[in-house]
Each structure stands twice: as structure tokens, then as C-alpha cells.
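Q: Produce the complete structure using the sequences and hints provided.
The lines below spell out each chain.
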Amino acid sequence: MTTVDDAPAAGGATVLQIEDVAVYFGGVRAVDGVSLTLTAGKIFGILGPNGSGKSTLLAAVTRLVPLTRGRLRCDGRFYDRLPPHAVAGLGIARTFQTVRLLEGRTVRENVLLGADVAAGGRAGRRAAAQRADEAIELTGLQSVQRLRPDELSYGYQRRVEIARAIAMCPRLLLLDEPTAGMNRQEREEISALMHRLQQERGLTQLLIEHDVQMMTDTCDYLFAMNFGRLIAEGAPQDVVRDPAVQEAYVGKRRSRHA
Amino acid sequence: MTLQALLDALTLGSVYLLFALGMALVWGTIGILNFAHGVTFMFSAFVAHLVAEQVRLPMPAIVVIAVATGALLSTLTQLLAFQPIMKRARDYRTAEMRILIGGIGVAAIPLAVAQRISLGSPFGYQTSSYRAEVYQVLGLRVTTTGLIILAAGLGIGIGASWWIRASRQGLALRSIGVDPVTASLMGVNRSALALSTMAVAGGLAGLAGALLTYHLGAIASETGDTFLIKAFAIIVLGGLGCMTGSVLGSYVLAAAETVVLVNNWGSWVDAVSFGLIFLVLLVRPQGLLGRAEVRRT
Amino acid sequence: MTTWYYTNIVLIQSTFTTLLLALSLQVPMRVGVFSFAGVGCFGLGGYAAAIAMTRFDMSTAESVAVGTALAGVAALLLGLLVQRLTGLYLAMATVAFTLIVSVVAVNGGDLTGGAGGIFGALGDLQTWHLLVAAVVVVALLAMTERGAIGRRVEAVRENPELAASFGINVTRYRVTAFTVSGVLGGLSGAFTILLRSTVTPDAISFHLIVLALTVIIVGGWTSWLGALVGSVIFVWLPSMLDFVGDWEAVVYGAIVALAAVFLPEGVVGLIGATVRRLRRVRRRAGGAGAVPAAAPDADLPDADAASPAVVPPATRGVTQ
Chain A
1 MTTVDDAPAA
11 GGATVLQIED
21 VAVYFGGVRA
31 VDGVSLTLTA
41 GKIFGILGPN
51 GSGKSTLLAA
61 VTRLVPLTRG
71 RLRCDGRFYD
81 RLPPHAVAGL
91 GIARTFQTVR
101 LLEGRTVREN
111 VLLGADVAAG
121 GRAGRRAAAQ
131 RADEAIELTG
141 LQSVQRLRPD
151 ELSYGYQRRV
161 EIARAIAMCP
171 RLLLLDEPTA
181 GMNRQEREEI
191 SALMHRLQQE
201 RGLTQLLIEH
211 DVQMMTDTCD
221 YLFAMNFGRL
231 IAEGAPQDVV
241 RDPAVQEAYV
251 GKRRSRHA
Chain B
259 MTLQALLDAL
269 TLGSVYLLFA
279 LGMALVWGTI
289 GILNFAHGVT
299 FMFSAFVAHL
309 VAEQVRLPMP
319 AIVVIAVATG
329 ALLSTLTQLL
339 AFQPIMKRAR
349 DYRTAEMRIL
359 IGGIGVAAIP
369 LAVAQRISLG
379 SPFGYQTSSY
389 RAEVYQVLGL
399 RVTTTGLIIL
409 AAGLGIGIGA
419 SWWIRASRQG
429 LALRSIGVDP
439 VTASLMGVNR
449 SALALSTMAV
459 AGGLAGLAGA
469 LLTYHLGAIA
479 SETGDTFLIK
489 AFAIIVLGGL
499 GCMTGSVLGS
509 YVLAAAETVV
519 LVNNWGSWVD
529 AVSFGLIFLV
539 LLVRPQGLLG
549 RAEVRRT
Chain C
556 MTTWYYTNIV
566 LIQSTFTTLL
576 LALSLQVPMR
586 VGVFSFAGVG
596 CFGLGGYAAA
606 IAMTRFDMST
616 AESVAVGTAL
626 AGVAALLLGL
636 LVQRLTGLYL
646 AMATVAFTLI
656 VSVVAVNGGD
666 LTGGAGGIFG
676 ALGDLQTWHL
686 LVAAVVVVAL
696 LAMTERGAIG
706 RRVEAVRENP
716 ELAASFGINV
726 TRYRVTAFTV
736 SGVLGGLSGA
746 FTILLRSTVT
756 PDAISFHLIV
766 LALTVIIVGG
776 WTSWLGALVG
786 SVIFVWLPSM
796 LDFVGDWEAV
806 VYGAIVALAA
816 VFLPEGVVGL
826 IGATVRRLRR
836 VRRRAGGAGA
846 VPAAAPDADL
856 PDADAASPAV
866 VPPATRGVTQ
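Residue numbers (this note's numbering), protein chains in the order written: chain A, 1 to 258; chain B, 259 to 555; chain C, 556 to 875.
Honestly, I wouldn't trust all of these hints.
Coverage of chain A stretches by chain C, computed from C-beta distances (three or more under 8 angstroms per stretch; other residues unrestricted) [what the hints assert, rightly or not]:
#1 28-39
#2 89-98
A few chain A residues that face chain C, going by a derived Cβ cut-off under 8 angstroms, partial list only [what the hints assert, rightly or not]:
#3 T62
#4 L64
#5 P66
#6 L67
#7 R69
#8 G70
#9 E109
#10 L113
#11 D116
#12 L197
#13 V250
Honestly, the hints are just simulated from the structure, not real lab data. All values derive from a computational prediction rather than experimental measurement. Virtual Cβ for every residue (Gly too), placed ideally from N, Cα, C.
A: This is the structure we're talking about:
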């Protein structure tokens, strides 16, 4: 049974606070009262089966979807009344579930789109180029930066998405199912990348996934969701063994067959 | 509004209905906004006129020719323009605009042909053997043409609304509108159904064209374009995807236009449909009978 | 040279005014806004300029300024009004707006000259005025097609949610594009009417919308160059193809339909795609060294072994 004492919140600065957030679409309760806190420098995860409300929660946090109830805080300041385009200014970056790269632009230009954030003017352009270069280096994309998305494999396209997000030099990175459709090798690459970002930049990250292995390998702290609610939280190994979580994935434990 | 004006509005509404229904059928089910629908309407009537000039024909024959021409034109449009566009488009949004543009392009062709041959003058069915008879009923001026139009409009309007809700093919059509991929997985032959729907819509446009020409005595090459915008207003007013809405919308528009005409604001008549489009889209985008959409991200 | 100029002066001036009108459709399209309001603003600008000159005795420059400014303001208000509409609905609302302008012109009484329109509004516009205006407009637009702004505009068009998550105020881009389209349409209208000296309500018709649309569909809507190419083609084509004669409209329609099916990005898009394909062929022929062999970063495992970066053409495009 996980307890709140395991939470790494103790002693870390709070980057994001989600307070009793609910998102209803007509009669559908996609998110039904979720509260959680993200502290600086850690890799968090939200685990849950399809339809558990993970992506909707992410959309709510990035203000793409209006809150039915609840409040959002970044660095202690409320931001749940801000428009979607103000979220980037708070230092929150995200990747999407589907690859959303600009097809007509090279990898480098796509990454520059992220680097342009908070850039402006002459000095801004050089600084943006530098941020883009660093992001490209971190994600190992140097050799393909002049190519276009449709010339890359799916795994590499995903990496461009991540490079674009970190080129923003964010304080918090939200990743929405970044390894969907990848094989184990590719998953491990992404996991390694996330650890590098944590070590080299102290980047706080929130990973949304439904692949259990990926979560236990990557995250420091795990939340589990089902039916729009949190059903467990704590250290990954513990959350994964939590009976409520197992039930969500595997179903209720039945009597043994002969 | 006087009773005569009401009768005229009902007749006009019935013509609008026959035209708009075809467009609503196609748009509400297979999701194609066919900009060539107006020209199909006009050209079908025109072809019937050309034939009637050579051979003295009764009204049913003329109507049949118009319906057949309309069905053929729409089928060709679907085969030669819309289907290729949909095959090549990356996603639905780009396909939508390209179909709109393709329809506009395709429409220019029959329009130019008709303008060239008719030399800009209106055309009618004076050479047909049919002569409208006028009756005085309850102080109202009623023509046989008007009665035919009313019967056709109401009959087909109600029939189509019922058919699309009650029949298997109607269900198949509606399923394509909701989720094309799943529909085809369920065995719905999308391209065949799309083709036949376009053919039916074209036939309806031809019917409307022939009947309107009889009703007014003559129409011009440009009449199709005006009708196109009116049909859009009707569909938007009634609510996309709802046949009954288009039926209702047709009569509402006709009534509004008749009010304007009767009060001698004749030059503002066209503005009624333009203004309606604006008003509905801004105030109640789902139309009178449509349901408000709740979008999940 | 000068005789050629004077024989074709109408066509040359037409090229510039058509270019501005085409740009009034192209600018919002680049942002993903399907608006035909530029054509309505062409009418507003033309009428305003004609009214300024004939009813208020303003000079040519003043009339053009009034026409352009009025059109711009109208477009701004319209843009704010229809911000929540998208796609086909937005397109049709702007078509409705354009046609309403025509109806208002017919019913405008003495101010707009009713169905007969206004005549005698002859401005002293020279070709070089048009040239300078066109060059300035094109230069400004070209700047928005490159660098950071170019990328952001593309993001707004391709994926507004994505754009928002990268700090781009999508609504502001859209309304700005709307306003610019009004200014360009109004400028084109003011120039055209003051050159022709008359304006009638028929000038603002669905046919004009089709014409402007044809120009950018065939030329290419992704950049100002497409609008220029399209304008040149459609202004000069009739004089080149004399045999087309009366069937000109049929030919236009066929071209638009073909372009809609086969050339979604117009002539300019086709040229661009061909150039890129040639470059790719040359790159690939230049040796497998173009493909990343080993990631320079030791921490990242050799990507090629498990997940090659560059996908051979045969297996590409299986994403949908």
C-alpha cells in the first residue's frame, strides 16, 4: 500500500500543482477530481489504460481544454484562467500523442519553432539558433537535421518532437505517450534520453504512458489513473503491484482454474 | 401575409426543397459540399430545353430528361473530380476545401456551355405540349404547375426524411457521415453508395430545374448560382445532417423572401439568404433542428 | 519596347490589380483561414474610392487611402465577428459577406448610384504607382514567409493546437490575416475602379470570387510568388490563346478543376516539389554517407541498428 510519505515532494520545489481538477464533456467525466503535485528535477509518470483520462488531464494542464472544476498552479501562481498560448510562457512544454511536425519544413526548422519561444529581435535569433543546436545535440539528431519529416522513421520523428519541446528550454516537460508504436529498443532510447535531460538540465518531466515497463524504468514517482481518478501513487515498483492498478489492467482476480 | 402570398411561398419553398435536399443529402452523409449542384440544376433544365426545341414533348418527358441529365452530371462530377481528390488528400480538412474548389471549377464548364449556346438569353419550355391551367379556388390563383410542384416537394421531402431514418440504405448513408472507416469495415460500400447518392441528388436538382422553369416560364444560365447560395442558407438554417431541417429551412426561407417581395423591398430579396447564413452561423451554428456538438479533444 | 508597353498597358495594370486581389485571398489561406472577404473588400474599397472622388471631390491619393482604410476596418470587424467559425462555414460566411456588399450597393440610393453604379471616377493613376504598391506589398509579405514568422504562420495553419502550445496567439494571427486581406482587397478595388472610372454592383459577384480563387489555385497559394504566377497566367492567357475565344470560361473551369485534383499547391508548388525531389535523388546518389552511420553521442545506442533514421522510399508513407 503506497503512502504519501513516499512522495518526493518533501524537500523539493513545487513546479506544478493540480488541485481537484475535473473535466466533463457533457455527460462524460473524462477527469473526475484529480490532485497531484510535481516537484523539481524528478521524472513523474501517469500510468493508466486507454480512456482513463490521462490525455485529457494533460490537455487541461496545458489549457487546451477548459476546466469544469479545480485549479492549476505553476510555481505557486494560479494559471487556470490563462489562454492556451500563455502556457509556454510559464515554461511548460509538451509533446503530442500524434506526431505533429511541420511537413514542409526540415527537422532543424521544426526544432527552431520551439527555440523561437521567448525569442525576439536580432540577439533573439542567435540565441534561438543556439538553443536549437543544443536540443538537436541532446537528442542525437545532428545527422538528420536538414531532412524533412517524411524522410524519417517514426522513432526519429518522435525524437524531433522532443527536441522541439526542449528547445524551448522549459522548466517542465510533458510527454504524451511518446513511445506509442515503438519497439523495445526505441523505448529504451527514449528512456535514456529522459534521464539525460534530468541529469544535464535538471528538467522536471511528466510522462504519460500505458506501457508499464517503460514507466518503471524511467520514472522516479508514479501516479496511476483510471476512470478519470487517481487510484494509486508512489514509487513505481509499489504502484505497479497495487491491487487497484492490477485490476485496471488485468481485471479482477478470479478463482484458479484446474 | 395574404393567403395568395402564402401559397406562393409554399410553392417557392417546394422548389427550394427539391434543390436543397439533394445538396443536403450529399453534404450531410458523405460530407461533400458540391458547388456544382447549382449548375447541374440549371444545365439539366437547359438540356431539356434543347431537346424540347427539336421535338414537341409533354411535360413528363421533359422532366425525365432533366432528371436523367442531372443524375448523369452529378455522377460524372463525383467520378472525375471528387473521388480523385479524396483519394489524394492527406486528411479530411484539406479534402474539404479541395472538393469545394474542384466543384467551383467543374461548375464553370456547363455554365460556359449554356451561356454560349443560349447567348445570354433566358430559356423555357414554350415548345412543350404542356400548358398550365389556372384555377380560382377560394379566391386564390392556383396553377397546375404550382400543384405539381407542391406535391413533388412535400412528397419527396417527407419521403426522403422518412427513408433516411427508416431504411437500411439510409442507415448506411448516415453511418458514412459519422465514421467512414468503421462504416466500410461494417460492409458499407462507400464509393458505390457515394456515387448513387450523388446521382440521386443530381436527379433531384434536375427535377427542381425543370419544375422551376415551368413555374417561372423561363430561367437564365446564372440562376443556378443564386440557388446554390440559397441552398447553403437552407441547410445551415435547418441544421446539417438533418433532412427534416432542410425541409423546414426551405419553407422558412421562401416565406421570408416572399415577405420581402410582397412589401416591395424586391431588390433586397437575395440579401435574405445571405443575411440568414450570417445570422445562423453566428448565433446558432447548429441550425434550428441540429444538435449542438460537444467536441472531445 | 514602348509600343509594346502602350499596346498592353491595360493588361500590365490588370496584372498588378489582380495580383493584389489574389494576395487578399492568399494571405488568410496561409494562416489556414478560408476567407473570401477580400473580394467583398475589393467592392468596398472600389465603391468608397469612387464615392470619395465623385461625391466628396477628393484627390486620387486620398480616394485610394479612404477606400483601402475603409475596407481594412470592415475586414477587421468581420474577422472579429467570425473568429469562431472554421473551414467551410467560414468560407461560406465570407461569400455571404461579399454578396451582401453587392446587394447594399444596389440599394444604396444616390450614394452608390443604385443598380447603375457610379461613373466618372477617373483617377490619375500611373502604372508606376501600381508597381510601387505591388513591390512594397510583396516585399512585406515575403518577409513574413521566412524565418521565425514563416514557421509560426505555418504552425497556425497546419495545427492550431500545436501552435498554441508553443506560445503562438492563434486568434491574433487569424484576425491580423483577415485585416491584411481586407486592406489588400480594398487597395486592389480602389486602384481598379479609379482606373476604369466606373463601378457597378455586378463587379462584386460570385464570378469575381471564382476568378480570384482560380488565380491562386493555379498559381499556388503557399507564397506570394504563386499569386504572381497565377495573375500573369490569367491576365495574359486570353491574349495568347486567341483560338480559345468564346470558350475561355470553359478552359478556365477545366484548369481549375484539374488543378484542384492534380496540383493542390499550384504551379509554384509543383516546381518546388520537383526541385526537392531532384535534390533528394542527388543526395541519395551521392552515397550512403548521407545516412547517419553512428550517433556521435555515446549514450544513445547506435540508432541505425534498431531504428534507421532514414526510411527507404518503399516503406515510407505507411503511417495513415
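Q: Can you verify the interface hint for P66(A): is its Cβ closer than 8 angstroms to any Cβ in chain C?
A: Result: violated, 14 angstroms to nearest chain C Cβ.
Q: Double-check L64(A) for me: the hint is only fine if its C-beta lies closer than 8 angstroms to a C-beta in chain C.
A: 6 angstroms, holds
Q: Would you check whether D116(A) satisfies its interface hint, that is, whether its CB is within less than 8 angstroms of any CB in chain C?
A: 5 angstroms, holds
Q: For the hint on L197(A), does the least C-beta distance to chain C fall short of 8 angstroms?
A: 11 angstroms, violated
Q: Please verify that hint: V250(A), Cβ, nearest Cβ of chain C, below 8 angstroms or not.
A: 29 angstroms, violated
Q: Holds or violated: the hint that G70(A) contacts chain C, with Cβ atoms closer than 8 angstroms.
A: With Cβ-Cβ at 20 angstroms, over 8 angstroms, it is violated.
Q: Take the stretch 89-98 of chain A, compare each residue's beta carbon with every beta carbon of chain C, and decide whether three or more fall closer than 8 angstroms.
A: Per the Cβ count (4), the hint holds.
Q: Under 8 angstroms between beta-carbons, do enough residues of the stretch 28-39 of chain A, three at least, approach chain C for the coverage claim to hold?
A: violated (count 0)
Q: Interface hint check: L67(A), Cβ to nearest Cβ on chain C, cutoff 8 angstroms. Holds or violated?
A: 16 angstroms, violated
Q: Given L113(A) as an interface hint, is the shortest Cβ-Cβ distance to chain C below 8 angstroms?
A: This hint holds: L113(A) lies near chain C, its Cβ roughly 5 angstroms from the closest one there, short of 8 angstroms.
Q: Restraint: E109(A) near chain C, CB-CB cut 8 angstroms. Satisfied or not?
A: 6 angstroms, holds
Q: Should the hint that R69(A) touches chain C count as held when the rule is a Cβ pair under 8 angstroms?
A: 22 angstroms, violated
The structure is inconsistent with the numbered hints 1, 5, 6, 7, 8, 12, 13, although it conforms to all the rest.
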